[in-house]
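A.B. asks: Protein chains in written order, with the numbering used here: chain E, 1 to 423; chain W, 1 to 423.
Keep in mind that the hints were calculated from the coordinates and are not lab data.
Take these hints with a grain of salt, some might be off.
[As the list claims (entries may be wrong)] Result set (BS3-like, lysine-lysine): computed pairs, CA atoms no more than 27 Å apart in a straight line: (1) E:K118 <-> W:K236; (2) W:K199 <-> W:K236; (3) W:K221 <-> W:K199; (4) E:K236 <-> E:K221; (5) W:K221 <-> W:K236; (6) W:K118 <-> W:K160; (7) E:K199 <-> E:K160; (8) W:K199 <-> E:K104; (9) W:K118 <-> E:K199; (10) E:K160 <-> W:K221; (11) W:K118 <-> W:K104; (12) W:K104 <-> W:K52; (13) W:K221 <-> E:K104; (14) E:K199 <-> E:K104; (15) W:K221 <-> W:K160; (16) E:K52 <-> W:K52; (17) E:K52 <-> E:K104; (18) E:K118 <-> E:K104; (19) E:K221 <-> W:K199; (20) E:K199 <-> W:K104; (21) E:K236 <-> E:K199; (22) W:K118 <-> W:K52; (23) E:K52 <-> E:K160; (24) E:K160 <-> E:K118; (25) E:K221 <-> W:K104; (26) W:K52 <-> W:K221; (27) E:K199 <-> E:K221.
[Claimed, not checked] Output of the computed footprint for chain W on chain E, the stretches with three or more beta carbons under 8 Å from beta carbons of chain W: (28) 17–24; (29) 30–39; (30) 49–63; (31) 74–86; (32) 292–302; (33) 305–315.
Using N, Cα and C, we set each Cβ at its ideal position, and we do this for glycine too.
There are 2 protein chains.
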Amino acid sequence: MVQSAEIICVGTELLLGDILNSNAQYLAEQLAQLGIAHYYQTVVGDNPERIKQAIAIAVSRSNLLIFTGGLGPTPDDLTHSTIADYFGVPLVEHPEIVADITEKFAQRGRVMTDNNRKQALLPEGAEVLTNRAGSAPGIIWQPQTGVTILTFPGVPAEMKLMWQEVAVPYLTQQGWVTCTLFRRTLKFWGISESALAEKVNSYFDLQNPTVAPYANHGEVKLRIAALANSEAEALKLIQPIEQELRELGGADCYGIDHDTPAIAVGRMLQSAQMTLAVAESCTGGGLGAMLTSTPGSSAYFWGGVISYDNSVKVNLLGVNPDDLAQQGAVSAIVAEQMAIGVRDRLGTTWGLSITGIAGPDGGTETKPVGLVYIGLASATRVESFEHRFGGQRGREWVRRLSANTALDHLRRRLLNEGIINYY
Amino acid sequence: MVQSAEIICVGTELLLGDILNSNAQYLAEQLAQLGIAHYYQTVVGDNPERIKQAIAIAVSRSNLLIFTGGLGPTPDDLTHSTIADYFGVPLVEHPEIVADITEKFAQRGRVMTDNNRKQALLPEGAEVLTNRAGSAPGIIWQPQTGVTILTFPGVPAEMKLMWQEVAVPYLTQQGWVTCTLFRRTLKFWGISESALAEKVNSYFDLQNPTVAPYANHGEVKLRIAALANSEAEALKLIQPIEQELRELGGADCYGIDHDTPAIAVGRMLQSAQMTLAVAESCTGGGLGAMLTSTPGSSAYFWGGVISYDNSVKVNLLGVNPDDLAQQGAVSAIVAEQMAIGVRDRLGTTWGLSITGIAGPDGGTETKPVGLVYIGLASATRVESFEHRFGGQRGREWVRRLSANTALDHLRRRLLNEGIINYY
Chain E
1 MVQSAEIICV GTELLLGDIL NSNAQYLAEQ LAQLGIAHYY QTVVGDNPER
51 IKQAIAIAVS RSNLLIFTGG LGPTPDDLTH STIADYFGVP LVEHPEIVAD
101 ITEKFAQRGR VMTDNNRKQA LLPEGAEVLT NRAGSAPGII WQPQTGVTIL
151 TFPGVPAEMK LMWQEVAVPY LTQQGWVTCT LFRRTLKFWG ISESALAEKV
201 NSYFDLQNPT VAPYANHGEV KLRIAALANS EAEALKLIQP IEQELRELGG
251 ADCYGIDHDT PAIAVGRMLQ SAQMTLAVAE SCTGGGLGAM LTSTPGSSAY
301 FWGGVISYDN SVKVNLLGVN PDDLAQQGAV SAIVAEQMAI GVRDRLGTTW
351 GLSITGIAGP DGGTETKPVG LVYIGLASAT RVESFEHRFG GQRGREWVRR
401 LSANTALDHL RRRLLNEGII NYY
Chain W
1 MVQSAEIICV GTELLLGDIL NSNAQYLAEQ LAQLGIAHYY QTVVGDNPER
51 IKQAIAIAVS RSNLLIFTGG LGPTPDDLTH STIADYFGVP LVEHPEIVAD
101 ITEKFAQRGR VMTDNNRKQA LLPEGAEVLT NRAGSAPGII WQPQTGVTIL
151 TFPGVPAEMK LMWQEVAVPY LTQQGWVTCT LFRRTLKFWG ISESALAEKV
201 NSYFDLQNPT VAPYANHGEV KLRIAALANS EAEALKLIQP IEQELRELGG
251 ADCYGIDHDT PAIAVGRMLQ SAQMTLAVAE SCTGGGLGAM LTSTPGSSAY
301 FWGGVISYDN SVKVNLLGVN PDDLAQQGAV SAIVAEQMAI GVRDRLGTTW
351 GLSITGIAGP DGGTETKPVG LVYIGLASAT RVESFEHRFG GQRGREWVRR
401 LSANTALDHL RRRLLNEGII NYY
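This is chain E alone, in the form it adopts within the complex (with noise of 0.2 Å):
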């Protein structure tokens, strides 16, 4: 049998559909970055019969178990006595995780249950795995030849320390981790994925590393992953072939991993000392967020007017009666007299504006849902942009591609006078 691992996710709330497994994604994605195979993943519910199931098919076929959930205080919380009992064994008293688990109680001023005293019985044999942010402890098993068992609450957070303090240095040690998936995600937006497909198509071909775009909320991004002994080895696989795709994206393509049109702009205005102010109408607060998401964006980003009732864009921004009367809210003329008014009055060196119709109601047949206005004006020059983005997928998408395309503006003005980029 091939070494390979299987996630096993305990919870009767995982099958009634009440919350949705980030786990599995979470531990299938650290696996692939550790090179460990993975084939197979289960969902049983909170009952012993069941587990004992998804263990005797875990265990023809795979060598590392992977439990998440079932470790809590509650009677429905099953998965360590299972396994106990499936491996023939029975289950003992730690005393140190009782009096763990005690002291964690009294400092939050309350005192253990013999429900919690429950989450102390572990597997003979088994050995603690230390679960610094909760009570429940999981286990690092064993039970027989070429099997080995790891368990975890089913807390998002509190799994997620225990893998990365005990679970990747365990599996490390027993030689689990053999190679490592480095991955680059360049991103693109203002281009669609099967244009972005074309230009690049003969690097899907590629082994190691691998090439794959992927695409959703009006972004675009091409993965490159790369299998080696280390990141040094896998990087230097990678940096070629990212080299060559960020130049075949051009100016489609505005950063790497985890940023966002937001993260690019603010990196551009930033190294430029430059400043924006925004005024938003449909998107009523939501790019401002956007851009105060990162921490630091004080630095350039001084703040705004959300204009979503007229009233606010005449008083406030200085929008002319008239313009609106006679073009509409939704107007190239309305967009660029709020981008102009929001920069005069805050002083900044740009001013962004957004408005347009996000539906569900309020469009016309000449003024559909889905059409939105960008302004953008510096102190010698506004331009407005117009854009069709369609109601078919809801008011909260047209609201986010607002945002993200009002960004992609602002980001290629600041590439037209020469502002580098850097990411």
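Got chain E; can you put chain W on it based on the hints?
C.D. replies: Same frame as chain E, but now just chain W:
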């Protein structure tokens, strides 16, 4: 064997952790609502041998196999060919599907490739499960007595449409849908999960309906779920319990199901014909974005000022520069002046403001990360509220909690003024 369903998600991208398995959650929730038992979920990669193993295991323990993924045009889309192979039948081409795909491509000005023609190959004897939203159809098939197979593409929007339009009517007609799980969620703000649980403890032992608490992002929910033969019967079981829980919840209960604090506040403002303006510092527009995510919010939300930089607080909101210098931007007096200023300038009934330290940097011993002041002004009165949200859970957590807490203060103030929150 008890009649039960099993969800089988096919896709190496799930095993690599590239995507979150939201399809499994959607289908699980749907099965629960239709009262169809469901004990296992399996995830398997694009590998015919392993897909066949998963089918063999599923057929041994479940009668309804629901597949998602692997229906696309590329060589690693193997679901239909592997299912046909497992049950020993050939694939047959459906000319009507070829015609449908050709037409869909023509509409987008593209020519169908041979790759796409593959999507018209279905196991002999299987019915077509039409995909109106995309090119890949699924199947409905009973390959042997006691085994029903449904297949769906991995694209969530296509899968959901096909599920609702074809699968639910089919399962109903086939007698799978024997009862209905109906849920009502009560939503709370301003009370901890444990405090609420203590209040309503006795309800957790109920059998039908059941009552269970959930908590996330600072919000606490009570979910009431009833199993019955019809929605009307379920409602009869739920309503008296819901009424009692609402009374026990009092002012902490702000709404039901898809309500948010922003929706509750909007509902109250609209019924009282009142209007609102916001002044945002650390949330940077997030409060406005929450308010305007509700269609029709222009009836009560007029807009506001994002006063991220202190100059904006002074110039656009009239905050006193001396108070700013002496008390700092994150202070009760600045929050109050921001609320007064935005209310005055926009001419609304209410002004609501937020100023705080979202982190991760910028905290001091006296003003730590997570310290937030909320200001609330009417024509005759201004008040402010101090909160300490801590910095452990990150910048976005502080910002989201700040915005929702600000809305909750306004909601409670409106309640005190005699405005009823009808929900």
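A.B. asks: Against this structure, judge whether each hint is valid.
C.D. replies: Tested hints:
A hinted pair counts as satisfied when its Cα atoms are at most 27 Å apart, and E:K118 with W:K236 does not qualify at roughly 38 Å. Between W:K199 and W:K236 the CA atoms are separated by roughly 23 Å; this keeps the pair inside 27 Å, and the hint holds. Straight-line distance between C-alpha atoms of W:K221 and W:K199 comes to about 13 Å, which keeps the hinted pair within the 27 Å bound. For a cut-off of 27 Å, the pair hint linking E:K236 to E:K221 stands: about 21 Å separates their Cα positions.
The hinted pair formed by W:K221 and W:K236 meets the criterion: a straight-line CA distance of about 21 Å does not exceed 27 Å. Proposed proximity of W:K118 and W:K160 is supported: the alpha carbons are some 23 Å apart, at most 27 Å. Of the pairs offered as hints, the one joining E:K199 and E:K160 is violated, with about 38 Å between alpha carbons and a cut-off of 27 Å exceeded. Pair hint W:K199 plus E:K104 holds up; C-alpha atoms about 24 Å apart against a cutoff of 27 Å.
Note on W:K118 and E:K199: the hinted pairing holds, with a Cα-Cα distance of about 25 Å set against a maximum of 27 Å. Taking the CA atoms of E:K160 and W:K221, the gap is about 25 Å. The hint holds against a cut of 27 Å. Between W:K118 and W:K104, the direct Cα distance comes to roughly 15 Å. Compliance with the 27 Å bound is thereby established for this hinted pair. For the suggested pair W:K104 and W:K52, the alpha carbons sit about 32 Å apart, so the restraint of at most 27 Å is broken.
A distance of roughly 26 Å separates the Cα atoms of W:K221 and E:K104; the hinted pair therefore holds under the 27 Å criterion. About 57 Å separates the Cα atoms of E:K199 and E:K104, which puts this hinted pair outside 27 Å; it is violated. Distance hint between W:K221 and W:K160 is fulfilled; the C-alpha atoms sit about 26 Å from each other, no more than 27 Å. Restraint check: the Cα-Cα separation between E:K52 and W:K52 comes to about 22 Å, which is no more than 27 Å; the hinted pair holds.
The straight-line distance between the Cα atoms of E:K52 and E:K104 is roughly 32 Å, outside the 27 Å bound, and the hint therefore fails. Distance hint between E:K118 and E:K104 is fulfilled; the C-alpha atoms sit about 15 Å from each other, no more than 27 Å. At roughly 49 Å between alpha-carbon atoms, E:K221 and W:K199 are farther apart than 27 Å, so this suggested pair is violated. For the given pair, E:K199 sits about 24 Å from W:K104 by alpha-carbon distance, which is consistent with the 27 Å threshold.
Restraint check for E:K236 and E:K199: satisfied, since their Cα atoms lie roughly 23 Å apart, inside the 27 Å limit. Of the supplied pair hints, the one linking W:K118 and W:K52 holds, its CA atoms being roughly 20 Å apart against a limit of 27 Å. Our distance criterion of 27 Å between C-alpha atoms is met by E:K52 and E:K160, whose separation comes to about 25 Å. Pair hint E:K160 plus E:K118 holds up; C-alpha atoms about 23 Å apart against a cutoff of 27 Å.
Proximity of E:K221 to W:K104 is assessed by CA-CA distance (about 26 Å); at most 27 Å being required, the pair is judged to hold. Distance hint between W:K52 and W:K221 is unfulfilled; the C-alpha atoms sit about 41 Å from each other, more than 27 Å. For the given pair, E:K199 sits about 13 Å from E:K221 by alpha-carbon distance, which is consistent with the 27 Å threshold. Remark: the stretch 17–24 of chain E is confirmed as covered by chain W, as 7 of its residues place a Cβ nearer than 8 Å to a Cβ of that chain, reaching the required three.
Here the stretch 30–39 of chain E counts 5 residues with a CB under 8 Å from a CB of chain W, which clears the bar of 3, and the coverage holds. For the stretch 49–63 of chain E, the stated coverage by chain W holds: 5 residues have a C-beta nearer than 8 Å to a C-beta of that chain, and at least 3 were required. Given as covered by chain W, the stretch 74–86 of chain E fails the check, having 0 residues with a CB less than 8 Å from a CB of that chain where 3 are the minimum. Figure legend: the stretch 292–302 of chain E, annotated as covered by chain W; annotation consistent (8 residues with Cβ-Cβ distances under 8 Å, at least 3 required).
Under a criterion of three residues with beta carbons nearer than 8 Å to beta carbons of chain W, the stated coverage of the stretch 305–315 of chain E is upheld, 8 such residues being counted.
In summary, the structure is inconsistent with hints 1, 7, 12, 14, 17, 19, 26, 31 from the numbered list given earlier, while agreeing with the others.
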